[in-house]
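These protein sequences, in sequence, are chains A and B.
Take 1 as the starting number for the first sequence in the working numbering and just add one per residue.
Take 1 as the starting number for the second sequence in the working numbering and just add one per residue.
Errors might be hidden in some of the hints.
Copies of the same chain look alike in the list, so a pair counts if it fits in one copy or across any two.
To be verified - SDA-like, lysine to any residue: derived pairs with alpha carbons at most 20 Å apart:
(1) Lys94 with Gln123
(2) Lys94 with Arg110
(3) Lys94 with Asp312
The hints are simulated quantities; they were obtained by calculation from the structure and are not laboratory data.
There are 2 protein chains.
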Amino acid sequence: MRIADHERAPVMADVARVAGVSHQTVSRVLNDHPNVKPATRDRVIAAIRELGYRPNAAARTLVTRRTRSLGVISFNTTLYGPASMLYGIEQAAKQHDYFVTVAALASLDRRSVLDAVDRLRDQAVEGIIVIAPETTAVSALTQVRSDVPLVAVGCGTHAALASVAVDNEAGAELATTYLLDLGHRTVHHLTGPRSWLDAQERETGWRRALQARGAPEPEPLAGGDWSARTGYELGRRLAGRIAQQADPAAADGREPLTAVFCANDHTALGLLRALQQAGLRVPEDVSLVGFDDIPEAEYFGPPLTTVRQDFDELGRRALGAVVELIGTRPGPGAPARQMPRVSIGPSLVVRASAAPPRH
Amino acid sequence: MRIADHERAPVMADVARVAGVSHQTVSRVLNDHPNVKPATRDRVIAAIRELGYRPNAAARTLVTRRTRSLGVISFNTTLYGPASMLYGIEQAAKQHDYFVTVAALASLDRRSVLDAVDRLRDQAVEGIIVIAPETTAVSALTQVRSDVPLVAVGCGTHAALASVAVDNEAGAELATTYLLDLGHRTVHHLTGPRSWLDAQERETGWRRALQARGAPEPEPLAGGDWSARTGYELGRRLAGRIAQQADPAAADGREPLTAVFCANDHTALGLLRALQQAGLRVPEDVSLVGFDDIPEAEYFGPPLTTVRQDFDELGRRALGAVVELIGTRPGPGAPARQMPRVSIGPSLVVRASAAPPRH
DNA sequence: CTCCCGAATGTTTGCGTTAACAATCGAGCC
DNA sequence: GGCTCGATTGTTAACGCAAACATTCGGGAG
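With the hints as constraints, model all of the structure from the sequences given.
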């Protein structure tokens with residue numbers, strides 16, 4: 001396992017010379033071809049080791065037309081969800097013997113997304129996974145007329161793309177129904193950013209659950225952007241409203257607010273903080289349910305009841321989907337390629353932040 | 001911008017034919033060589049656009065021996081820190097016109113780290129950034145006799161590697177001194193995993209601050225692994241101890257526990273939760289300071305005073321360092337390559353979780 | 001003993017690009 | 001008017017590998 005002493009790195013021909021065979025035989029050994037005498041194979045392997053030879057990926061790609069690399073486009077890799085998905089993708093990619101090249105987006109506008117796709121195509125990735133669940137991004141993506149297989153992950157289940165996503169509607173229904181079952185007259189909803197499909201779907205699921213029970217449908221609390229900060233800001237407003245509600249004279253016809261389903265755990269944290277700061281108790285005064293089940297949710301004060309989604313699994317499935325797509329390449333005269341849609345079921349994790357309403 | 005109608009993608013020769021020039025002229029246009037007549041250049045560009053031509057990266061790499069790709073090895077991309085650094089790295093890489101290939105580690109043992117390096121070298125990355133701050137990983141890395149430039153990021157400032165890191169010791173001193181200044185007799189420390197350099201350095205900084213003030217040095221609270229869970233578990237034990245401490249008869253000679261400096265924000269959250277559950281108030285009964293300043297820290301109950309580190313910047317600097325290293329390649333007879341060490345200063349973010357002790 | 005066939009190995013070609021070298025073309029100069 | 005020089009363009013040769021196409025060798029069938 002010598003290091004090239006500042007000369008050119010050894011190439012296949014060098015190995016061949018040392019092993020006393022032709023370079024083609026070396027190639028055969030490298031690619032596990034049959035019809036190589038074991039003794040020859042051993043000599044070649046020894047030579048490879050002796051020289052510290054490693055195949056040149058570019059040369060190999062040039063002739064095989066395969067790069068074994070995939071692209072992942074991600075908006076904010078800082079969020080727990082995207083970060084976990086990336087992790088799941090990479091783990092799975094390793095098993096399928098693929099490399100993962102990431103392209104982080106500065107913003108989610110059409111231009112930025114298309115640029116990222118372009119960048120990855122320049123690098124000749126064999127497939128692309130997009131973790132960019134915004135509607136504009138998705139619509140931009142649907143127009144990428146490219147021969148590169150493309151799968152969107154965590155982008156809601158209704159995108160016009162091959163996609164892998166958690167069933168947001170089902171999750172939202174789960175959360176809402178749970179709160180209704182506890183005895184709340186209705187459930188309010190702190191939304192995520194309206195431009196995200198996940199947020200839209202969670203809102204839809206929430207609404208559907210209310211309708212199924214004939215519960216009043218309060219105006220959603222809009223303005224969340226998944227961050228704790230916006231949860232906090234909305235919480236401040238809510239706290240004021242709840243204070244009024246204690247005073248019957250000030251009844252304003254709106255539904256009393258005793259239960260809130262938050263679009264995700266981070267906003268729930270912000271909301272929690274705002275309520276506590278206003279002297280309200282969770283779950284005694286207000287019940288809360290989140291979405292995601294980030295690792296910290298269990299240690300909020302109080303621990304957060306939330307809808308769990310398996311990001312790792314999402315990532316793995318997404319990878320599986322691209323690999324599948326890569327395998328079933330066009331083939332002349334193939335009909336419009338079908339778009340696999342994988343939907344993963346979420347589950348409710350019950351903790352202390354939701355309880356029956358007081359009377 | 002036509003799509004190849006299922007035939008081979010156009011190559012340089014196709015462009016040349018359409019433009020009525022030789023392929024070399026096309027190459028010159030592509031690479032911004034001087035001495036191409038503007039009119040010719042325009043014809044070539046038009047042809048490129050007409051055919052939807054894009055250069056073949058593999059062929060280019062084969063001859064230039066440059067891949068314009070970098071590898072990032074990361075352990076747990078799910079944590080806020082690593083995820084943010086990855087983001088910063090990618091942003092900066094884009095500006096330097098590099099691709100980023102990630103290699104996630106399943107574990108931090110020597111073997112796994114070396115495998116990752118190998119994988120990346122197979123893909124011919126020009127440089128590697130490691131976000132894997134464990135001592136075993138670092139020691140494995142120092143032995144990678146490779147011609148690939150390698151920079152460790154967030155791995156403490158004492159590794160025997162080119163590195164970019166926040167000054168953990170200074171940050172820990174900042175936190176500890178702040179608590180002492182508030183009037184606490186001493187400060188306890190909830191450590192991170194001992195095998196991480198960051199954790200070690202934070203412990204060192206904490207100890208040094210105590211010594212500088214002549215404050216008693218309590219046994220560190222070991223067992224943290226950066227997670228909220230371990231913070232919680234340690235917190236349970238602490239709570240028991242504090243309860244005893246209220247009873248003078250049970251005094252056990254240990255320092256009273258009124259202030260804790262946590263190795264990171266997540267463990268601080270767990271600790272917070274455990275204390276509250278035990279009926280203790282923060283900061284009235286116990287003051288807390290964290291490390292990292294994750295976006296949620298501001299919304300803990302109470303908001304967490306913590307040491308801020310700029311992960312994005314860390315990532316950018318790390319990228320700058322590798323690019324630098326790549327630029328100043330060996331050169332025959334070059335002396336052992338110097339190892340750049342960048343250390344970034346942290347800052348204290350004061351919030352409500354720390355206050356003067358009661359008497 | 002010869003022929004045929006398959007296993008094992010070698011030789012040649014082409015992948016798409018850039019670099020090195022060659023050729024052409026004009027303009028300026030003596 | 002021939003020559004030189006620089007600007008522009010073309011031609012050829014790598015780059016390192018795998019696939020297609022030879023070749024060799026040995027053994028079994030006839």
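When no copy is specified for Lys94 and Arg110, does a C-alpha distance of 20 Å or less occur within a copy, between copies, both, or neither?
Answer is between: at 18 Å across copies they meet the 20 Å cutoff, but 30 Å inside does not.
Reference check for the pair Lys94 and Gln123, CA-CA at most 20 Å: within, between, both, or neither?
For Lys94 and Gln123, both the intra-copy (19 Å) and inter-copy (13 Å) Cα distances are at most 20 Å.
For Lys94 vs Asp312, is the C-alpha pair at or below 20 Å within one copy, between two copies, both, or neither?
For Lys94 and Asp312, the Cα distance is within 20 Å only inside one copy (14 Å; across copies 26 Å).
When the structure is compared with the earlier hints, no violation turns up for any of them.
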